[in-house]
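Protein chains: 4
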Amino acid sequence: MKIFLKIIEPNPIRLNKIGYSFSLNIWGVSMGAINGNEFVNRINKLNPEIWFDGEKIEGLISEHHAFKGIIQSKAALYDLQCDEKLKKEMIFPSPKTGDLIGLSYLQPKTKKDLKRRRKMMENWAKLSCGIMGRTPDYLNSVLMSFASCAGFLEGKEKCFPQNLQAFFEYAREKDLSFTHTFITPQVNRSQIYIEHSKEPIAAKVIDENEDGIIVKGARLLATQGGLTDEVLVFSVGRFLFNEDEAFAFSIPSNTKGLRFICRDTFLGGESTFDHPLSSRYEEMDSIVVFDNVLVPWDRVFYYNNAEVAEEFVSKSSFHHYAKHQVLTRQIVKTEFLLGIAELIVDTINISEYQHVQEKLSEIIVGLETMKALLEKAENDASLDEWGFMRPNIIPLKVASNVFPKIYPRFTEIIELLSASGIITLPTEKAFYSEIQEDLNQYLQGANKPAMERVKIFRLAWDLTMSSFGTRQTQYERYFFGDPVRVASDLYKSYPKDSCINTVCRFLNLTSE
Amino acid sequence: MKIFLKIIEPNPIRLNKIGYSFSLNIWGVSMGAINGNEFVNRINKLNPEIWFDGEKIEGLISEHHAFKGIIQSKAALYDLQCDEKLKKEMIFPSPKTGDLIGLSYLQPKTKKDLKRRRKMMENWAKLSCGIMGRTPDYLNSVLMSFASCAGFLEGKEKCFPQNLQAFFEYAREKDLSFTHTFITPQVNRSQIYIEHSKEPIAAKVIDENEDGIIVKGARLLATQGGLTDEVLVFSVGRFLFNEDEAFAFSIPSNTKGLRFICRDTFLGGESTFDHPLSSRYEEMDSIVVFDNVLVPWDRVFYYNNAEVAEEFVSKSSFHHYAKHQVLTRQIVKTEFLLGIAELIVDTINISEYQHVQEKLSEIIVGLETMKALLEKAENDASLDEWGFMRPNIIPLKVASNVFPKIYPRFTEIIELLSASGIITLPTEKAFYSEIQEDLNQYLQGANKPAMERVKIFRLAWDLTMSSFGTRQTQYERYFFGDPVRVASDLYKSYPKDSCINTVCRFLNLTSE
Amino acid sequence: MKIFLKIIEPNPIRLNKIGYSFSLNIWGVSMGAINGNEFVNRINKLNPEIWFDGEKIEGLISEHHAFKGIIQSKAALYDLQCDEKLKKEMIFPSPKTGDLIGLSYLQPKTKKDLKRRRKMMENWAKLSCGIMGRTPDYLNSVLMSFASCAGFLEGKEKCFPQNLQAFFEYAREKDLSFTHTFITPQVNRSQIYIEHSKEPIAAKVIDENEDGIIVKGARLLATQGGLTDEVLVFSVGRFLFNEDEAFAFSIPSNTKGLRFICRDTFLGGESTFDHPLSSRYEEMDSIVVFDNVLVPWDRVFYYNNAEVAEEFVSKSSFHHYAKHQVLTRQIVKTEFLLGIAELIVDTINISEYQHVQEKLSEIIVGLETMKALLEKAENDASLDEWGFMRPNIIPLKVASNVFPKIYPRFTEIIELLSASGIITLPTEKAFYSEIQEDLNQYLQGANKPAMERVKIFRLAWDLTMSSFGTRQTQYERYFFGDPVRVASDLYKSYPKDSCINTVCRFLNLTSE
Amino acid sequence: MKIFLKIIEPNPIRLNKIGYSFSLNIWGVSMGAINGNEFVNRINKLNPEIWFDGEKIEGLISEHHAFKGIIQSKAALYDLQCDEKLKKEMIFPSPKTGDLIGLSYLQPKTKKDLKRRRKMMENWAKLSCGIMGRTPDYLNSVLMSFASCAGFLEGKEKCFPQNLQAFFEYAREKDLSFTHTFITPQVNRSQIYIEHSKEPIAAKVIDENEDGIIVKGARLLATQGGLTDEVLVFSVGRFLFNEDEAFAFSIPSNTKGLRFICRDTFLGGESTFDHPLSSRYEEMDSIVVFDNVLVPWDRVFYYNNAEVAEEFVSKSSFHHYAKHQVLTRQIVKTEFLLGIAELIVDTINISEYQHVQEKLSEIIVGLETMKALLEKAENDASLDEWGFMRPNIIPLKVASNVFPKIYPRFTEIIELLSASGIITLPTEKAFYSEIQEDLNQYLQGANKPAMERVKIFRLAWDLTMSSFGTRQTQYERYFFGDPVRVASDLYKSYPKDSCINTVCRFLNLTSE
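Protein chains in written order, with our numbering: chain V, 15 to 526; chain U, 15 to 526; chain R, 15 to 526; chain D, 15 to 526.
Don't read these hints as lab results, they were simulated from the structure.
Do not rely on the hints blindly, as some may be mistaken.
Any copy will do: because identical chains look the same in the list, a pair fits if it lies in one copy or spans two.
[Said to hold, decoys possible] Okay, derived cross-link-like pairs now, DSSO-like style, lysine-lysine, Cα gap no bigger than 30 angstroms in a straight line:
hint, residue 1, residue 2
1, 110, 230
2, 99, 510
3, 129, 170
4, 329, 102
5, 443, 270
6, 329, 59
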């Protein structure tokens, strides 16, 4: 732990400005909300095992071309929470230590708390216009939701609620960041498939000893895998068939045997003119390999208990707080899309066409629907059995059904508005070359110089058509899983009785 | 009252003829909100000129087979407001007289007032499960919205705000009911069409004298035309090309020269088993003919002023209160649809199919979206310049874009779930004939006796496939006009600047 | 006519007489194709047990108000085939007797035969603009397809191919007409449902004796049930779970114990102005009850053989010839829809709007797609193992996937074009009453007198919004069963190998 | 011309193999269908002015990383036409010289000619699985269509039909390749916009002298601009507002003052494993700048004649032959998509899901629709006034309405089937690194080794989600222009009279 002490030690000058107080917590480290610099240093020191394009990353991860952009963008988030002006909206005093800590760790007990959380999340989302999918508040909220339901694990076999609670407090006080992973490899998605490979494919507990449990196998698609302090690993019931795949724990990214294998990068290049989004927000996704990883007992929340795995996610406030964060970000993103769409309309002067008006109104309808659902979820919030204020799940589930359908449609609308303009994309260099006069003359917009016009269209392209943009679309489409299942879940969980009874009464049915 | 009595008194004889009772009603209050009986008697006494299937209606309208059902259903609404249990939610003391009057006449000054109005409207909507399109609160709200903006007419040419205010109070205290009409005949819908017929087609002011203005021509589609105390006539700017088509007034349904020509009836029959909806809620639509109708001056709100006609509807709170009522009713109706859909799923046991689950979840998404938008409109309400609390128009406009698309889809879903079950519809008589055993055996449902199963499917059919049901679909689709225009209007009126600015800032555009 | 009476008399002698006797008909030919009068007389003489609105029909069925229209429309079909001008396209000499017989009974051996069949079917379809769903050629073709594959039954248990062949020839020479029924009651559509009722619900063979098999139970939805000479009864594999539900036979409509229970009528009225379609083409659907019906052995094609039931429909040319007929009719119907849509556009002068143009082009795309698929099916036809020319099934299956989706959309387009015009529908009587001047003035179209305008809109309404029209929509949607299953079937049966191999070659996959 | 002689002189060794005969044509050059080598040499020698990423390309274009792939792929096309096995399907003897020349230059006079043309185009399309959008047959066909209608220009002002005919023969005999350009810069797409810039933006004739006309300004989006022998420049009526923008001519790509400014490249990289499509088929699009370009008189087909510009494209066989080629290619592409989709289904074993079956059946429906329309266009072909056999335009226009809608949907289907599998994409290098065992274990498919699984998903990704793939989508969507206009055009040009007349007859309308 001493090493860690050094690692996270903040720059004293910045700290004074923000006015952090320092105390010792149970883990013996002084701490609180970090700034960007602290984040970057911490990640660099961690030095986890990351494989990119067939090579193991050596040197500072923050200077690797494939990760530089996203790490800077994340650092900016941490700086924002230390910003004097926004401080009040971003941090709060720890109930344990009094240290000022990140608001996404706040366990809400009132509707006002929920609104505070939303404001904090909005501020972070706005910094990337909703493009960064995994701002730290997402997984902070997930961990917070788990901890808030630690009571559920109480007295159940192979469950350690106290570990969960202690770890939550530790993470909160140190402002740890997370990735998570819960999808098993996509080998065979038949409903009746049961893995029978000799060597594990999906990660499994293959052994346990006095130090902890031993995990072997893989999990899919940890976004920002290797770029966070910790990996939160848990199981989602319906994908499980064996006890040994049922567990939840968190381990540092540099745990021995833990390996992040990156997909190909969707970074287009470093120019923010040419690649306004991917140069900043390419978050990377990784396959997470557990090569006989030892998970220490104090990091195990539960293991080898399929029933708990199935119930914990559905009965905890996981979906409530996770969806609350996601919806907040998606609204910011939709506003960004609307802005881009309207700017395109403006730039090539097509607002007079009825079908253009219809397309834009589609985006407006989607945006306002999401906003109304979010607000309703907050207004209809209620206390759970552990005393925490959960946003109402119905409007959140509805939004989770809506967004995966409208987001791809909105990107399509942007393409339809743009026509060839989204293809004819010269580079920044061309604007500073001998042919700049040609570009200035022939690529001008109705009311914009050529360079601004191209900037707008390159942004539209990077959002919808670059490999970065299309990954975003796929990401939003599958955020909470297969849209077909998401719809089924809404149907199954929705209370339909009062509607049925109305009809039965109307018809005088005896079977009511 | 006496002062007002004078103002609105068209002539003393008529009032006597109508024979308003100033007696005590069942809850012991003089005047104000009426009960069902009072409504029926009043309409029967009015005896307006209604033409149905080529014949002029003679005798009591409440006993005519084509109108009996709807008049009874309306009477039930008036009885409901006198119901001892619901009284508090349905009526309030007149600010003028202290009489208890209908809550749809309440001019809201607080958000709480808005919620009260919603509750009242919900109660009425629920009585017909949202099927009756023109419960009296709709046009009461319209008149209330006009009166609340009477100030807009102040000082404008050919405008009489005092008439509007006085008439509103008169109507409120007497609990008058209304139809309205604002669509000109659909002769030619080209954008550049200007009527050049020698004889007026669209209703026009063709003369004026000391008694009032003379109107000749027709207006389309007054729902329940002839079944209300009054006809509210006003103009909507965009359909106007001539000054003489620009006016607003209200006249009693039995005004001389006023003629209601009914469309063919969509009443299927009187059996509530066979025609559970049309037997009760066939509201009838009429063409309104003005055959040199004299509109007395004290009933004229404005005339021959196209500019005012255009602006009054858009600047007044018309859309706010009208949409607030409509959305409230549509939510009740959507709940009814969901209940029917789920009952069908249940009856033939198809809930296991993923595509069935998806279809039901579509309805749930639509319902919850509407509910969230309504609540947001109320939460974001604000005071207008005349001190009345307007629900926020944006969520209401969004809902007006959403419902015309989802309602037809939901009826389609019901058809898709039902398959042949919605066609194989024996009549009530068959269930009481020699072949009842056959029906009981062969038409049973998975968990329902045949008769209940057939009841459910007949309801589904009457809602979606009978000529009554399809008229409902068309009605919801066009409630606020051509969906293409409704979308354009949302686009044009929506504030887009902050979204554009976000993008401009992100791209460092100078043109922000 | 007396001779005919004898002919149809069901007794064993009749089968011997399959050479057929031989009166002169109006066009001087002995036997074979009948005319309208002959059809009407035959049906009247049959006098089957039909229950309508709880009453057993007595008297001449051709004079019953609920059946008059459709029987006249069917008679017109038979007259058409006797029309001197069209004769060549409608009839052909029997290969057995040389008598001129209906072309829908032709067993095609060449592509030219297919085109002849199509021409014949087109002629009949055009007489009702494609609205009559069950012109006799549909089931004639089905029977022809079965007979053409009688060889499939050869040597299989409880199969009687010779009965099938003999019956086909008998029907062909007598120009018999049919209804059929293959859907079991919609009690419970769960995939795992097995009927366990004590008394049969779905029709079953409950006994057999030396005269034949005894059938008890019901089948759903025989269109024109009771209005045809015969009922063709067969089983479709996937709905079967018991051997005793697996059979195929044909029996006269007046067989003892056979009962047709009509649904409620969708006839709007007898005026062809008010109800241009339902007054002529309301075909009625019935539940068919088998009340211990004895099916004579010589009418049994197979029974108690679930395997054959499953395979016969899928391996025979049933789908080929049935879909060929259906597609031909649907094209004629789509042309009718396009005509109506364009006439509406014209009447209210809205052709300038881009969204109107898009809607019309949608119909055009659908129409031309259907035409191209039909032609391709004929061009790619091939001989089956019994020497008959089958149209290619792929384009026909594609069309069966397309039409159930586009037809409802096209009716929606007609509604969207019409707006309130499709609601404001005065009756014929109103046009001949005192208010005719009002109607003539206020309901005129851009280039049409009011009466013609109303005729057009009433037609549009009767096609899309009357209970007759919506039943048509449901009928087209489900013509070949649940659209979800129809899509699955196309996927499963479509040859995908060459497409897969192309990709494998492109990628150098070893697994090709 | 001497320079050209050198340039195109084919390698004698290859020529002997293919067995070309050699004669002189009017332009004094010996020639005929070329092979890949000849193509590459010719383009390299041309050395046009191409700007890429702000730099003018120097050196051999065939070795430039951004163009290498596409040039090789084009060379393969030319080799294919010289392939001994396919020769008969690819080339034919020149009617002028007897030289064997490319079949896309064949002016069809019979339906058999059309089928030959289709076969030739299919062969070329299959070489790139339909991915290469501008195989040379596209513009060869366009030029052929223009020449076949040269008669239209006869006797019209500023028209030179003889130049067009002579140039066509020249191009045909030399097997020239083309790009074309007809879209003006997208400055302002308002309907009422007229350019009033001092300096031309859209290319204009600014002067003429004894040598030719002088053109200044730009045109948008020449695909493969600079990679073809010639640039065919013509005008499309509706985008024109000035006479001086109305012209048609062809000039060599290396004409003085002609400048191609490339957009950013969508080449992902050179590995065909990582970028199976973009490494081969990134075609590049360019802005074409005319910097006072002199077009010699003998290359001018017409100029300064707006009326001719408007009519020539619509009255010539341009759309017939262009769409015939495009549809042929799109069918090949759709088969490729179907293969990919089915291979994904297979690889992760999801064929049991009904919604998966529906999605695949959607692709099948689209594919078979396109095939049926193409065949119908050929079957219904007819001779034009100049004796050439035009495929029927209606089915081709229908297909042009269909494909822009289904192609994006099919790419969406592939994404929906793939879920995270289309994101988790390791590179080729990773498969040859230390972590290959991890990949082999964790990325295996249900019935495929990991490497093949990843190959399949990378192909799916490159087709639908890489910047190459999304440009393909936009390209197909806009191939024949704005889909809204394409729909309007179909509506306006479709013969609707017979459909209207059917309805009028049915209703006995006098106004027929």
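Violated hints, by number in ascending order, as checked against the structure: 1, 3, 4, 6
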